[in-house]
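**Q** This is what each chain is made of:
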Amino acid sequence: DAKTTQPTSMDCAEGRAANLPCNHSTISGNEYVYWYRQIHSQGPQYIIHGLKNNETNEMASLIITEDRKSSTLILPHATLRDTAVYYCIVRDYNQGGKLIFGQGTELSVKP
Amino acid sequence: EPEVTQTPSHQVTQMGQEVILRCVPISNHLYFYWYRQILGQKVEFLVSFYNNEISEKSEIFDDQFSVERPDGSNFTLKIRSTKLEDSAMYFCASSVGGTTQYFGPGTRLLVL
Numbered sequence: 807d808a809k810t811t812q813p814t815s816m817d818c819a820e821g822r823a824a825n826l827p828c829n830h831s832t833i834s835g836n837e838y839v840y841w842y843r844q845i846h847s848q849g850p851q852y853i854i855h856g857l858k859n860n861e862t863n864e865m866a867s868l869i870i871t872e873d874r875k876s877s878t879l880i881l882p883h884a885t886l887r888d889t890a891v892y893y894c895i896v897r898d899y900n901q902g903g904k905l906i907f908g909q910g911t912e913l914s915v916k917p
Numbered sequence: 005e006p007e008v009t010q011t012p013s014h015q016v017t018q019m020g021q022e023v024i025l026r027c028v029p030i031s032n033h034l035y036f037y038w039y040r041q042i043l044g045q046k047v048e049f050l051v052s053f054y055n056n057e058i059s060e061k062s063e064i065f066d067d068q069f070s071v072e073r074p075d076g077s078n079f080t081l082k083i084r085s086t087k088l089e090d091s092a093m094y095f096c097a098s099s100v101g102g103t104t105q106y107f108g109p110g111t112r113l114l115v116l
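Residue numbers (the numbering used here), protein chains in the order written: chain A, 807 to 917; chain B, 5 to 116.
If you're looking for bench data, these hints aren't it; they were derived computationally from the structure.
Check each hint, because a few of them may be wrong.
To be verified - Reference listing, derived: stretches of chain B covered by chain A, where coverage requires no fewer than 3 residues with Cβ under 8 Å from a Cβ of chain A:
| no. | region |
| --- | --- |
| 1 | 11 to 17 |
| 2 | 20 to 32 |
| 3 | 73 to 80 |
| 4 | 109 to 116 |
Stated by the list, open to error - Under 10 Å between C-beta atoms, here's a sample of chain A residues computed to sit facing chain B:
| no. | residue |
| --- | --- |
| 5 | Cys818 |
| 6 | Ser834 |
| 7 | Tyr899 |
Claimed, not checked - Here are a few chain A residues that sit away from chain B, every Cβ distance over 12 Å (derived from the structure):
| no. | residue |
| --- | --- |
| 8 | Thr871 |
| 9 | Arg897 |
| 10 | Lys904 |
| 11 | Gln909 |
Every residue, glycine too, gets a C-beta built ideally from N, C-alpha and C.
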């Protein structure tokens with residue numbers, strides 16, 4: 807089973823920041839937080855990952871709380887093309903480990 | 005930017021037939037995976053493959069399934085005798101060191 811809890815759905819206005827929360831209260835010390843998204847039935851797309859520090863790349867920012875029990879994915883200026891299901895996945899850093907997908911958050915970006 | 009590719013994009017087959025789904029992972033990647041997604045359901049892990057052998061497999065990955073890396077570039081998933089419930093999107097993924105996985109666009113399999 808997925809070790810994360812996410813809201814089922816969220817709306818965001820185009821051009822505004824989208825903040826997607828994730829709870830992972832049972833995360834262990836060697837587990838990373840990964841974010842993927844899936845647009846329609848396309849393959850999951852990697853967004854970002856982190857261990858304990860905040861991370862930023864060209865797609866998004868990841869804010870992880872100090873106790874690591876929750877995190878927030880931030881899309882700074884959401885566009886209509888960001889409408890997708892967003893998955894927060896906790897994964898052990900052992901080499902080769904599988905990804906366990908939950909239901910994710912269905913983000914709808916509206917004009 | 006290198007991508008994982010999958011062929012065919014769509015496959016229709018009759019129940020009981022064998023199908024082979026093909027994937028070309030990113031060229032310097034060493035870990036390979038298959039996942040599937042039944043319509044309206046979660047993405048589910050099937051199998052991981054490293055160093056020419058299966059590293060891990062799920063309960064779904066029974067004797068009807070097999071994987072192979074027949075050459076230096078392809079990674080295949082074979083379903084020996086398809087069932088109606090095998091209808092799904094099948095995604096291949098690869099990673100260079102077993103960490104971040106990159107997914108292909110998927111093969112939509114329909115078993116009639």
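**Q** Determine for every hint whether it applies to the structure shown.
**A** Verification of the hints:
1. 11 to 17: With 0 residues in contact (Cβ-Cβ under 8 Å with chain A), the coverage given for the region 11 to 17 of chain B is violated.
2. 20 to 32: n = 0 at 8 Å, threshold three: violated.
3. 73 to 80: With 0 residues in contact (Cβ-Cβ under 8 Å with chain A), the coverage given for the region 73 to 80 of chain B is violated.
4. 109 to 116: Result for this restraint: holds, n = 3.
5. Cys818: This hint is violated: Cys818/A lies away from chain B, its Cβ roughly 23 Å from the closest one there, beyond 10 Å.
6. Ser834: violated (17 Å)
7. Tyr899: Holds. Min distance 7 Å.
8. Thr871: Its Cβ never comes within 12 Å of chain B, the nearest being 22 Å, so this holds.
9. Arg897: violated (9 Å)
10. Lys904: violated (4 Å)
11. Gln909: Gln909/A is in fact no farther than 12 Å from some Cβ atom of chain B, at 6 Å.
Checked against the numbered hints above, the structure breaks hints 1, 2, 3, 5, 6, 9, 10, 11 and satisfies the rest.
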